[in-house]
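> Could you build all of it, start to finish, from the sequences and the hints given here?
Protein chains in written order, with UniProt numbering: chain Z, 1 to 95; chain A, 1 to 95; chain D, 1 to 95; chain S, 1 to 95; chain R, 1 to 95; chain E, 1 to 95; chain W, 1 to 95; chain G, 1 to 95; chain C, 1 to 95; chain B, 1 to 95.
Read the hints as simulated data drawn from the structure, not as lab findings. Glycine included, each C-beta is placed from N, C-alpha and C at the ideal position. Do not take every clue at face value.
[Said to hold, decoys possible] Just the calculated beta-carbon pair ranges, DEER-fashion:
hint : chain 1 : residue 1 : chain 2 : residue 2 : range
1    : E       : Arg40     : G       : Met11     : 36 to 44 Å
2    : W       : Lys23     : S       : Ala69     : 23 to 31 Å
3    : S       : Thr79     : R       : Pro74     : 28 to 36 Å
Protein chains: 10
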Amino acid sequence: MEFLVRQENRMPVMPVEEAARIKAAEREYAQQLRDRGILRRLWRVPGTRTAIGWYEADDATELHDVLSALPTFPWQTITVEALATHPQEQPLQRE
Amino acid sequence: MEFLVRQENRMPVMPVEEAARIKAAEREYAQQLRDRGILRRLWRVPGTRTAIGWYEADDATELHDVLSALPTFPWQTITVEALATHPQEQPLQRE
Amino acid sequence: MEFLVRQENRMPVMPVEEAARIKAAEREYAQQLRDRGILRRLWRVPGTRTAIGWYEADDATELHDVLSALPTFPWQTITVEALATHPQEQPLQRE
Amino acid sequence: MEFLVRQENRMPVMPVEEAARIKAAEREYAQQLRDRGILRRLWRVPGTRTAIGWYEADDATELHDVLSALPTFPWQTITVEALATHPQEQPLQRE
Amino acid sequence: MEFLVRQENRMPVMPVEEAARIKAAEREYAQQLRDRGILRRLWRVPGTRTAIGWYEADDATELHDVLSALPTFPWQTITVEALATHPQEQPLQRE
Amino acid sequence: MEFLVRQENRMPVMPVEEAARIKAAEREYAQQLRDRGILRRLWRVPGTRTAIGWYEADDATELHDVLSALPTFPWQTITVEALATHPQEQPLQRE
Amino acid sequence: MEFLVRQENRMPVMPVEEAARIKAAEREYAQQLRDRGILRRLWRVPGTRTAIGWYEADDATELHDVLSALPTFPWQTITVEALATHPQEQPLQRE
Amino acid sequence: MEFLVRQENRMPVMPVEEAARIKAAEREYAQQLRDRGILRRLWRVPGTRTAIGWYEADDATELHDVLSALPTFPWQTITVEALATHPQEQPLQRE
Amino acid sequence: MEFLVRQENRMPVMPVEEAARIKAAEREYAQQLRDRGILRRLWRVPGTRTAIGWYEADDATELHDVLSALPTFPWQTITVEALATHPQEQPLQRE
Amino acid sequence: MEFLVRQENRMPVMPVEEAARIKAAEREYAQQLRDRGILRRLWRVPGTRTAIGWYEADDATELHDVLSALPTFPWQTITVEALATHPQEQPLQRE
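This is how it looks when you write it as structure tokens:
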């Protein structure tokens, strides 16, 4: 099932190395999600630290487990929107 | 997967028999959804013609097909919220 | 009477043991509410620490007493929505 | 149980006698509700045709039945807020 | 003149005795307002520390003086709604 | 008592003479309110047909009677805000 | 440049053939946009007639020309959100 | 003085010649405003019939007169935001 | 030009003398603005520390300079609404 | 491509020299953006520390890079609105 996820990152100011460590862990974790076909695409809302992600997971429970494992999760304000396949794209479900 | 669905019904005034026919069809269709385990529970928002339904479907695409087949769908303003299983209720998924 | 209750948990960062103690107390308290037929169902809003609960209590005063006794109550932002029994479910009031 | 009910009346323009008939029926019905102890108080939001009512009913289901029997119900946009008894007024529940 | 007043109390965590002292002062002050016919009724919004009060004062200036003298005023977020007497209750103005 | 009143006028398209008649009646009525010291000042929200009025009336009930007698009342969406006298202007209450 | 576009379709009730003609034209036009790499993906918001589209165009002016040529444009309420490429996906710009 | 003006155009469907006549009148009128230095710039909100205009007028009263003379004014929903000159652009006030 | 200005004061708790000093400076400054015809009237929103001011300034730039010189400006959340002279009050512009 | 950017600056209180240094850096950086044709115009929302900017960049990604390099970026709450060229201004794209 597909989801549109808005992730507003409010990571506080912290020592540079700590911030870099978390950022690298986040990047690596995101790549794993791409490899598993869970994170399909990630965009940046310009002028902000908010990302919009196109995710695919079995259901909202798996999605929650995936999102709550983000290294930045403690500082994230996340809203999830369930997506149904559009009739025009029924055959195109999986590019 | 579970969903919380808010269904605001704005059925216009129409001939009494027509309205009764649609209402009966809606009642019958809802019962079918209960029998299929899709409609788990339906409440009324007091003072309104809005219902809140607890639904269970494979994914949002199946949910959309189910909702768009409601006899009152043309007059419904519907909002869908995806629900993840709460950690406290993991074992209770299916009563 | 039935209620839909949205519980947004903003528990601050605290020592691990303290957080675990509160979480365990919350889990135990929730189970007591289930046993008393007050907490009928609890879901997680994916990507958040917000729960949605289907509660049943004599009235809003009893519900308030129940909610304000939650171990996490000091950090909860709660909204309560009164639910009327839907005409379709009049006979099914108590599963 | 007590409720605060906001009733926004959007009765369309109609023949004067028809409007007067409905208004009289509404006034009479409201008086019955007062006599039954259901309608405790009714205020007008100044500059509008919106009323705010303090109601008391067994639960939201009874409240819904009462409100949906209002002669003006088809043109009302109603929001209901559940009220718990304030600790300061526990003994004053029933004036 | 009558007012509907929503009082969201965000009193921070403080030493137990201090909190109890303020709460007692608030209770006593509220009782004085009842005795003066200013505080007509007080309800609790379930699941929150918000109260809804039905007040009667000469005008908004007197109401402001009354509210700003609440011991908890520094931590209150208050919204005031002016109420007009409903035509149905013209004769019942003063119970 | 003073009020800030936002009056959004949605008068539909109608025969020119009818519209002119209502506009003249509104202008005349407004002048009467000025003469009675009830309408203190009226502004236009630029780009709209919305007016903001500074009114003074005994209470919200009198204000409602005044506003509901506006010739354009059937097409007005009105919001009323109660105003308290600012401490800095206590002596200036009546210019 | 990439955009997230929310398209709320409020096509009124019309003769079946007319509705079918417009729907077919819309489907064909959408396919052309896919072939031109402008419409990257289209989802359905479950329970509604709203679609969310991932579009790619030179700029907002080209996007407007594309959207305003939709056969259903006269009945669409559209909101457009500009998307920046996320640092994690810089190299993946074009799948 | 400078203003940012959002003009949402809800011109109903009308005979083609009538719509073309109004559109031409609007285009001509806008050009006059440019020539008078009142309309500094006009943009389109993509996917909509809403325009955002940067206007300069003596004050809000002149701006209102200018906007209410738009041929499409009867169908426009307009919001006006007053703009102050930014300290960085004090010398650049008039390009 | 006239403006309606909403000033939400969130001055933090501070030493009594410091708060009194700022309040006195604010009172004095406000009186200067009255003497210059800039501050025409100031009201209190009951139950809050928010003031609503009717201001008159050459334009929004002068208004900004006036408001940003308020001793409490660092703690103020201010919204400004431009006001056009109402046709009914054209001759009354300056009382 | 053109953008309307709302920049709400919440720079905390800091040592005077530090604040002056950042302000100077911001002024210098803004001038560079003007010289590059990226910052076309900047206005102040009166009574606030919010600026509204008219920007022009290749796309939202370039705009994000420009905005996130603002010395005040860590304290900015920014919203970006994509602008399409209005048909009336097609030929005037570049003044």
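> All the hints need checking, so say for each whether the structure fits it.
Outcome of the hint check:
The hinted window of 36 to 44 Å between E:Arg40 and G:Met11 holds, with their beta carbons roughly 37 Å apart. Distance hint for W:Lys23 and S:Ala69: a CB-CB separation of about 42 Å, inconsistent with the stated range 23 to 31 Å. Our hint of 28 to 36 Å for S:Thr79 and R:Pro74 holds, since their Cβ atoms are close to 31 Å apart.
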